[in-house]
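Quick note, the sequences are listed as chains A and B, same order. At position 40 of the first sequence the residue is numbered 207 (the numbering used here), and the sequence of numbers has no breaks. At position 98 of the second sequence the residue is numbered 123 (the numbering used here), and the sequence of numbers has no breaks.
I should point out that these hints are in silico values taken from the structure, not numbers from a laboratory. Be aware that one or more of the hints could be misleading.
[What the hints assert, rightly or not] DSS-like cross-link-like pairs, simulated, lysine-lysine; straight-line CA separation at most 27 Å:
| hint | chain 1 | residue 1 | chain 2 | residue 2 |
| --- | --- | --- | --- | --- |
| 1 | B | 131 | A | 233 |
| 2 | A | 208 | A | 233 |
| 3 | B | 131 | A | 231 |
| 4 | B | 62 | B | 47 |
| 5 | A | 208 | B | 67 |
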Amino acid sequence: GAVVSQHPSWVICKSGTSVKIECRSLDFQATTMFWYRQFPKQSLMLMATSNEGSKATYEQGVEKDKFLINHASLTLSTLTVTSAHPEDSSFYICSALGGRSVSYNEQFFGPGTRLTVL
Amino acid sequence: GENVEQHPSTLSVQEGDSAVIKCTYSDSASNYFPWYKQELGKRPQLIIDIRSNVGEKKDQRIAVTLNKTAKHFSLHITETQPEDSAVYFCAASEPGGGADGLTFGKGTHLIIQP
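Full structure from sequences and hints, please.
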């Protein structure tokens, strides 16, 4: 149980285009999902917290108009990188909190999406 | 906000020896401390976690200790094996209704020398 998927696993796009990344909890309902970004050889940095049916909470320094987050259902959150630029190239990883893990803070991570902006 | 420091950044040990990775955190309200193992290009894998009401936890070759007073926690791996080679991250979570993002340390690249 507690499987989280992401789609796509990798994407290459041109500068200026928008890219949507999906994060799904496959066998549980996720009350909260998180989006992290990881640059090469660096740590994971929390970008935003997404709660179903409400606006996402963004970490300081993360542009909410550039990284659009939608948590439309208890099993799906999407991250859209708008007007992507080469500096947005990174590994984007989502995690989900839900079910029995809510009381324990344990997060279940997706496999990540490698974004390359040319 | 929370700040997590992790040391060392690189750790090389002989196969069979023990490895210790240390982390400190800044927010005394943090109450959940997981450790993750990440292989290149893959998702972080939870290997052990500890909550603030516990001082030590062990799972086979892996143990974690927590000192709330000093605000530091450590990962101990005994009898290291080549497959333990990876990047390890500590993290801390602040209380907030059970829905908190994690603040990660910068990671430790563990190298097990055969």
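Consistency of the hints with the structure:
A C-alpha spacing of about 25 Å is found between residue 131 of chain B and residue 233 of chain A, which places the hinted pair at or below 27 Å, so the restraint holds. Taking the CA atoms of residue 208 of chain A and residue 233 of chain A, the gap is near 24 Å; set against the 27 Å cutoff, the hint holds. The hinted pair formed by residue 131 of chain B and residue 231 of chain A meets the criterion: a straight-line CA distance of about 24 Å does not exceed 27 Å. A C-alpha spacing of about 14 Å is found between residue 62 of chain B and residue 47 of chain B, which places the hinted pair at or below 27 Å, so the restraint holds.
Distance restraint check for residue 208 of chain A and residue 67 of chain B: the Cα-Cα separation of roughly 13 Å lies within the 27 Å cut-off, and the hinted pair is therefore satisfied.
Violation of the numbered hints given earlier is absent; every hint is satisfied by the structure.
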